[in-house]
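Colleague: Line by line, the protein sequences are chains A and B.
With numbering that gives the first Met the number 0 as the guide, the letters of the first sequence map in order to residues 0 to 301.
With numbering that gives the first Met the number 0 as the guide, the letters of the second sequence map in order to residues 0 to 316.
Derived by calculation from the structure, the hints in this document are not laboratory data.
Given the structure is predicted, the values throughout are model-derived calculations rather than measurements.
Warning: the hint list may mix true and false statements.
To be verified - Here are the simulated SDA-like cross-link-like pairs (lysine to any residue), alpha carbons at most 25 Å apart as the crow flies:
1. A:248 / B:81
2. A:75 / B:154
3. A:75 / B:153
4. A:75 / A:281
5. B:58 / B:38
6. A:75 / B:218
7. A:132 / B:26
8. A:132 / B:12
9. B:182 / A:262
10. A:132 / B:15
11. B:58 / B:23
12. B:182 / A:132
13. B:222 / B:232
14. B:222 / B:121
15. B:70 / B:26
16. A:132 / B:11
As the list claims (entries may be wrong) - Stretches of chain A that chain B covers, calculated by requiring three or more beta carbons in the stretch to come under 8 Å of a beta carbon on chain B:
17. 149-161
18. 235-241
19. 266-277
Don't be surprised by glycine CBs; every beta carbon is placed ideally from N, CA and C.
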Amino acid sequence: MSTTITTAAEAELAVQARQAVARSEGYWAGVWKRLRRDPVTIACAAILLLMLLAIVFAPLLSPHDPYQGSMIRRLKAIGTPNYPLGTDELGRDILTRLLHGGRLSWFMGILPVVFAFAIGSTLGILAGFVGGKVNMAIMRTTDIFYAFPSVLLAVAISGALGAGIFNAILALTLVFIPQIIRVAESVTQGVRSLDFVDAARASGASGFTIVRVHVLGNVLGPIFVYATSLISVCMILASGLSFLGLGTKPPEPEWGLMLNTLRTAIYVQPWVAVLPGLCIFVTSICFNLLADGLRQAMDVKG
Amino acid sequence: MLLYLLRRVVYAVPIALAVGFVCFMLVQIAPGDPINAIVPPDAPADVVEQVRKDYGLDKPLPVQFGLWISKVAIGDLGRSLATGRPVWADLRSAIGNTLMLAFAASAIGFTLGCVLGGLAGTFRGSALDRGAVGIAVAGVSVPHYWLGMVLVVIFSVQLNWLPAMGAGPGGSSDWGWDWDHVKHLILPAATLSVIPMGIVTRTVRGIVAEIMNQEFVTALRGKGLTRWGVFGHVVKNAAPNALAVMGLQLGYLMGGSILVETVFSWPGTGLLLNSAIFQRDLPVLQGTILVLAMFFVALNLCVDLVQTSLDPRIKRA
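In isolation and in its complexed conformation, chain A is listed as follows (with noise of 0.2 Å):
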């Protein structure tokens, strides 16, 4: 199911591979060195950089027990002393509660997309690289997922499943395999064509030795970049699986169930009932910008 834009996108990608094969030694210094000068990106990987570390050290940070609620400080205001944010229906600590909750929105945001990259670069690679029968099999395979909006393929596998964070990290990886294999063996397929290549092959090597000598260099680059602007989309779908009840079961923190078993109480305390969707929205913005900072950084033109 390709369409123009995805060739186009495709074709840009194969441009950058080719890029980075004619890049001198100083490239990661020339990445650092626009990095610093982005600060937009800088304060996205600092926001982001905060928020783990509090999350890190959230029963540290904590001021009270996740889980202990208490039916007389039901659904206190923002400001409320001691609960600075608030108390959820229940009675929790909603900074508490938002600490923790990071822990498994961003466990959950970010695994899949691991697990996703390591599956998809290695079928990708493998079909680029090999070609014929191989990249038949693999890309066809691919197109079927494909057809499938990825919203929709997530809750269709994870429904199936049932409810559950193995699930739902299950049905995350199957949605991004698809779109890194694709991204994959765009790359390396601008990489299979060149000189540097046919010389190698030329001299003896094998194809395994080619593939790990002269082909993961130039494109696990290309390939992490789109890793990394996929962690938004997976931090978003991830927490509105568990919004739907179909990742994180309560009383864990979440911060997509916590949004979930908030949105009663809109009409109470409304401003304490979004603000873990703020919190979804802030990660998901940073790792949005620190993906398009870092494609700039590593897309060296002219």
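Got chain A; can you put chain B on it based on the hints?
Modeller: The following block gives chain B in isolation, referenced to the frame of chain A:
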């Protein structure tokens, strides 16, 4: 050209079959015996065995798939476990509502996206461009189910201007063209429109910027063509690719509206899916996914065909 179109149509058949197979497998991967997807868990054992025979569930998997797909082909998607009604009956009314929402959302999202993207692409590097890019990034990064809640808080809870739930007065799910109904559509459609708005803005910006860099635009300007004259040429060149992206976005909206429909209790396929998941009503889940995915396959095909016939530069023999 005709041959290409024909080949495209023929190629969609195995894709549709494979999509059907994935939907068929949904019930197979579900934990427990697939028979539980047909009979309620409290059915007596002899009834279970009878149903197993009737449905061919004692036969090998490929045969089962054949039986299932031939039933689906004549519109028999099975019966809901929760209500006992045919799945198709519930789906039919839900699809209308989802289409309504998707069309309204795309009308908003595509218009804004084209305007913002067009302006950003034309005046690349300006403050306007940066603003449009910022809006686009926010549009694709925002968890839309959360945006829906925020809009409800502002426009329903605080201002009390618009209803927070449902598709019509008194919880009716039948559509009518009056203010009472349109009022219910505004918030969900606005919420759902942010994703296509962001993506269309990005795409149109890219396409327009690329066209503006081409020599023929300079030539047209040099020839003394007015701003609007040049604009016409740019639109003509940008249209096929932009339309392709928008077509696919419409498909994503149909499938992706589940979260927004849940937030607003909009009686479409998303809400149907949500209650099916909640009640573990596998026939409804399977049927809804199948119909939505088939719709997406068909839409993909249409986009390809329209794009090919619109763009004379594509000569795929």
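Colleague: Against each hint, give a clear statement of whether it holds in the structure.
Modeller: Results of checking the hints against the structure:
{"no.": "1", "hint": "A:248 / B:81", "verdict": "holds, 23 Å"}
{"no.": "2", "hint": "A:75 / B:154", "verdict": "holds, 22 Å"}
{"no.": "3", "hint": "A:75 / B:153", "verdict": "holds, 19 Å"}
{"no.": "4", "hint": "A:75 / A:281", "verdict": "holds, 24 Å"}
{"no.": "5", "hint": "B:58 / B:38", "verdict": "holds, 18 Å"}
{"no.": "6", "hint": "A:75 / B:218", "verdict": "violated, 66 Å"}
{"no.": "7", "hint": "A:132 / B:26", "verdict": "violated, 31 Å"}
{"no.": "8", "hint": "A:132 / B:12", "verdict": "holds, 21 Å"}
{"no.": "9", "hint": "B:182 / A:262", "verdict": "holds, 21 Å"}
{"no.": "10", "hint": "A:132 / B:15", "verdict": "holds, 22 Å"}
{"no.": "11", "hint": "B:58 / B:23", "verdict": "holds, 15 Å"}
{"no.": "12", "hint": "B:182 / A:132", "verdict": "violated, 55 Å"}
{"no.": "13", "hint": "B:222 / B:232", "verdict": "holds, 13 Å"}
{"no.": "14", "hint": "B:222 / B:121", "verdict": "holds, 19 Å"}
{"no.": "15", "hint": "B:70 / B:26", "verdict": "holds, 16 Å"}
{"no.": "16", "hint": "A:132 / B:11", "verdict": "holds, 20 Å"}
{"no.": "17", "hint": "149-161", "verdict": "holds (count 10)"}
{"no.": "18", "hint": "235-241", "verdict": "holds (count 3)"}
{"no.": "19", "hint": "266-277", "verdict": "holds (count 8)"}
When held up to the earlier numbered hints, the structure conflicts with 6, 7, 12 and fits the remainder.
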